[in-house]
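> Kindly produce the complete structure, drawing on both the sequences and the hints.
Chains as they are written, first to last, in the numbering used here: chain A, 1 to 268; chain B, 1001 to 1325.
Rather than coming from a laboratory, the hints here were simulated on the basis of the structure. Worth double-checking, as some hints may not be accurate.
[Unchecked claim] Straight-line C-alpha distance at most 27 Å; calculated DSSO-like pairs for lysine-lysine:
| id | chain 1 | residue 1 | chain 2 | residue 2 |
| --- | --- | --- | --- | --- |
| 1 | B | K1134 | B | K1324 |
| 2 | A | K245 | A | K234 |
| 3 | A | K40 | A | K234 |
| 4 | A | K219 | A | K204 |
| 5 | A | K124 | A | K169 |
| 6 | B | K1173 | A | K204 |
| 7 | A | K124 | A | K245 |
| 8 | B | K1173 | A | K200 |
| 9 | B | K1173 | A | K169 |
Predicted, not measured: the structure shown is a model, and the values here were computed from it.
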Amino acid sequence: MKKIITMMMVGVIAICALAGCGGPKTTGSVSTDGSTSMEKVIGALGEAFQNDTGISFTYNPTGSGSGIKAVQEGRCDIGLSSRDLKAEEKEAGLSATVLAYDGIAIIVNPENPVSDLSLETIAKIYTGEITNWSEVGGSDAEIVLIGREAGSGTRDGFESITDTEDACKYRQELTSTGDVITTVSQNPGAIGYASVASVKDTVKAVTVDGIAPTEATIKDGSYVVQRPFVLVTKTGVELSDAAFKFFTYITSSDANEIIAGAGVVPAN
Amino acid sequence: MKKQEYHPFEDNAGEFQDKLFETRIEAVNLAYKKAPKSEWAKYAERMIHIIFLLLGLITVGCVLLITVYLVISGIPAIREIGPVDFLFGREWASTAAEPRYGILPFILTSIYGTAGAIVIGVPVGFMTAVYLSKLASPKVKSVMQSAVSLLAGIPSVVYGLVGMLVLVPGIRKVFNVPDGASLLAAIIVLAIMILPSIIKMSVTALDAVPKEYEDASLALGATPIETYFKVSVPAAKSGIAAAVVLGVGRAIGEAMAVMMVAGNVPNMPDSLFQSVRFLTTAVSSEMAYSSGLQQQALFSIALVLFLFIMLINAMLNFFLKQEKE
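If you want it as structure tokens, here you go:
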């Protein structure tokens, strides 16, 4: 009998634990949900915040769309989006606060001799008007277009900046920044896009209209392929104490150093 | 068997035996009822019964819940788009200004991909199974079988990663195409992934063939290889068919590995080197960011996939039943 009671208790505890995962705000914790591109910056901020205040912090990397949905449905305190809110989302009672700006780097294989492209050329490459690297000063090889899946914040950002919405002739649509970088690093004819913060040595970021994606050029707007990192909250609904503390913490100028450390440019 | 042992010559032996059995059951029941038992023990007995029933119902409930949910959330989009446009539309552009939701490319890709995996995987798996079951020495068999089990235990993301880093660049170089992420890469990965199911199930079926069959064949002068292919394999054919169907099920339902090597562009699969999207990857690659009709259409794709898998399951059950008979 004792065994059964023990087993039942274990069951009850397990159920409680499971229920805890999906639970909304509990006192003394902040939950964030959204853009996978923001992982690095929000992770660094969350860690610093946790160390400073002792309030626990969670981040669920699901993607901008899911993050926005999660705020709307009250499943997290702050949603993270790597694109501006759409008009319909603002109408649905959400407001956006820009945390930082992220440059989208145009990446090619390190073996590729091409190192500068104009925004127009990039658009032409992605819409299939230019199909061979020799047309832009490279070697004679077919251009392999690597992109992200429909709905991705990076793809949305890239396509709206280059004005190529629904016109890109992708060869591969991958579901994460890491996959894009890996694929480009594997194929000498590939071109892709990824957030500047996650670009590694395995690929080469080209300059756009002669300007390299650096902190300074992104901040002063001269590097044109860039997008905002947005904190999404419900308009008119007060944040919990912990969430409010987190919000003010990360939007204050004290957090700038951490944000910059994550490779993006602070907005405040 | 027992009946014949006890009363080999009596015609009514079975009847007598049945009566005896019934009487025994009655006696046991009576003893059980009469036995001094506390209320608490009875209560506990009933509780345990209920707990077991509930645990059993969880599985049934999950299946029902998923089915009902899929149907409810899958139907609206099909209705809105139109079943013909949805199932036979050749273009998928879910986030375009004028969205188009045709899933024919996904359906064909899933069918071609699975068929390709079967064409490569079944001969290899089947021959391996014959070797393991009939020819291999016990030592080799145990080593190879644990290797097969290990292959089954490798997570699909690992298959995908290896495919992405080795297979995709390999295809690019060998076939001299601009990019290796293609239907062919997906077929090769799937063929390897279905091997363990095919091998394991076929070995079980072949092991179950009575030794007498083979002995008889050998005694009649057939060589061992003739015996295996003309006696053992036909005797195990429904088990082997079930293995193939199981492989089909595994291949058509695989998402992660395929997503990493197939390129994921919703093209019609008209070449092996085309970048393609499967039914599974169509759902998983867009679900995270989807909303509105797009999300509903993804559920509809899942419903179509679910129907495919139900069909395959029905076939599997059919073959397994045949094997039992």
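> With reference to the structure, classify each hint as holding or not holding.
Okay, the hints, checked on the actual structure:
1. Distance restraint check for B/K1134 and B/K1324: the Cα-Cα separation of roughly 21 Å lies within the 27 Å cut-off, and the hinted pair is therefore satisfied.
2. Taken as a hint, the A/K245 and A/K234 pair is honoured in the structure, with Cα atoms around 16 Å apart against an allowance of 27 Å.
3. For the proposed pair A/K40 and A/K234, the alpha carbon gap of about 24 Å is at most 27 Å, so the pair holds.
4. At roughly 21 Å between alpha-carbon atoms, A/K219 and A/K204 fall within 27 Å of each other, so this suggested pair holds.
5. At most 27 Å may separate the alpha-carbon atoms for a hinted pair to count; A/K124 and A/K169 meet this at roughly 10 Å.
6. Note on B/K1173 and A/K204: the hinted pairing holds, with a Cα-Cα distance of about 22 Å set against a maximum of 27 Å.
7. With a C-alpha separation of about 46 Å, the suggested pairing of A/K124 with A/K245 is violated against the 27 Å cut-off.
8. The hinted pair formed by B/K1173 and A/K200 meets the criterion: a straight-line CA distance of about 24 Å does not exceed 27 Å.
9. At roughly 22 Å between alpha-carbon atoms, B/K1173 and A/K169 fall within 27 Å of each other, so this suggested pair holds.
Of the numbered hints given earlier, the model fails hint 7 alone.
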